[in-house]
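Top to bottom, those sequences are chains A and B.
Residues in the first sequence are numbered consecutively from 7, following my numbering.
Residues in the second sequence are numbered consecutively from 80, following my numbering.
One or more hints might be untrue.
As the list claims (entries may be wrong) - Quick list of the computed label-pair ranges, beta carbon to beta carbon:
#1 ALA102(B) - ALA89(A): 28 to 38 Å
#2 THR136(B) - TYR59(A): 24 to 34 Å
#3 VAL144(B) - PRO31(A): 13 to 23 Å
#4 PRO158(B) - GLY71(A): 44 to 54 Å
These are computed hints drawn from the structure, not numbers from a lab.
Quick reminder that beta carbons are idealized off the backbone N, C-alpha and C, glycines included.
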Amino acid sequence: MRKAISTIMMALFIVALAACATVAPGNDPVLVNAERNLNVAVKSLDALFKTDYQNWQVIDPAIPGWKAAVNALRITAPPVIDAADASIKAYRAGLALYRVDPAQVTQEQLNALATDLGTKIVAAVNLGKQAMAIVGQWNGGGK
Amino acid sequence: MSTNPPAQPAPNWTEMWMNLLLALAPLAGGPYAVVFAPLMALLMATIDVIKGALAQTGELTPEEVAAFDAWLAERKASPEWQVRP
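For reference, chain B alone in the conformation it holds in the complex (with noise of 0.2 Å):
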């Protein structure tokens, strides 16, 4: 086991999308809900992902390994993650 690591990038998600969640919120009530709907859904996906994230507190097992790996592969395939023309 590593004793000694070298530094790890440690980004704060939980304030980076909390500052976000607040700056949309004056968006909710005003003429732009319409925007304001997609746009609050991705927030919260994104927060069900840092959840999900911040509970895996063990490193993955090769079983979990291989489901991210076929989960990668698909989600690149996919037509969400081509170049929209």
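Bound-form chain A, shown alone (with noise of 0.2 Å):
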């Protein structure tokens, strides 16, 4: 017990240090901070998939609706992730334009792209979110 909160208290102080994410002078933010987001999304999402994978019969009967929640997440996660990739790589393109001839890609153009790259980061966010509070329902098997 002593440990697993020691582990939990290190973890927490971990993350308060990691907490100050920042974009270097010269970057792009919204291309970075897309980069980021779905990087910790996707990854989130794999690491509950190996969870899921390596610990399904242990987990399984101790949570309910734990199986079908994973498995609705495989589905519904690769057409979403592949969109807010793709979305990415249009924009880096776009910005790549954008920087060698401003009259190739205009700010107007860039803009609207970094719109739809927002919508598709979000949906991306969104199973992120997701995967978390599929543990966040584990509440002691309700005792």
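The two chains are supplied separately, each in an independent frame; assemble them into the complex guided by the hints.
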């Protein structure tokens, strides 16, 4: 018990230290934030899927609805992730053209790409939140 | 460079996972330790992900983009990502 709590406290400390995300000068904040958020969302999902795959014999009996919730994410996640990734690529390509010659891609066109990117990233982030919610539904079996 | 970018989503991953850690803490010593262990491992793995992501302060290089795409393709094809019967 004491060891587990120590682990939790250490984790909280590490997370608190990591809370200061910045964007280095000269980098596009839209692109950096999108890459960051997609990375966290996808890897959170990956961690959930791995945990389920390796521990389902233990978790399934203890958490009602776990299997259905995780399987639902396995179905919905890939196309959402692909759409977000494609949108990042489109924005990155537009940004590269804009940097070389703003006549080729205007600021308005770049903003339109960013708006689409924001929508797709929100969808991916919501999947990461769902992964968290699946874990959060565990309340000790209601006891 | 985008000088006036539209608003981006700003999920507070740190706060969300912190809340989960605190919620799970009372389970550590109870009869549910067998379930606590894998869920705790999941949280720790995700914290590592968050740490790594927050360390990114610049745009990904072409090599990093290619590496991410290759990793993503491998993960999506892995048995872990397939619907479990």
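Quick check: does the Cβ-Cβ distance between PRO158(B) and GLY71(A) fall within 44 to 54 Å? violated, 22 Å
Could you say whether the range 24 to 34 Å given as a hint is met by the Cβ separation of THR136(B) and TYR59(A)? Given a distance of about 33 Å, which is inside 24 to 34 Å, the answer is holds.
Go ahead and decide if the range 13 to 23 Å is satisfied by the Cβ distance of VAL144(B) to PRO31(A). Check passed, 21 Å falls within 13 to 23 Å.
Per the hint of 28 to 38 Å, is the separation of the Cβ atoms of ALA102(B) and ALA89(A) within bounds? holds, 31 Å
When each numbered hint is compared with the structure, a violation occurs for hint 4 only.
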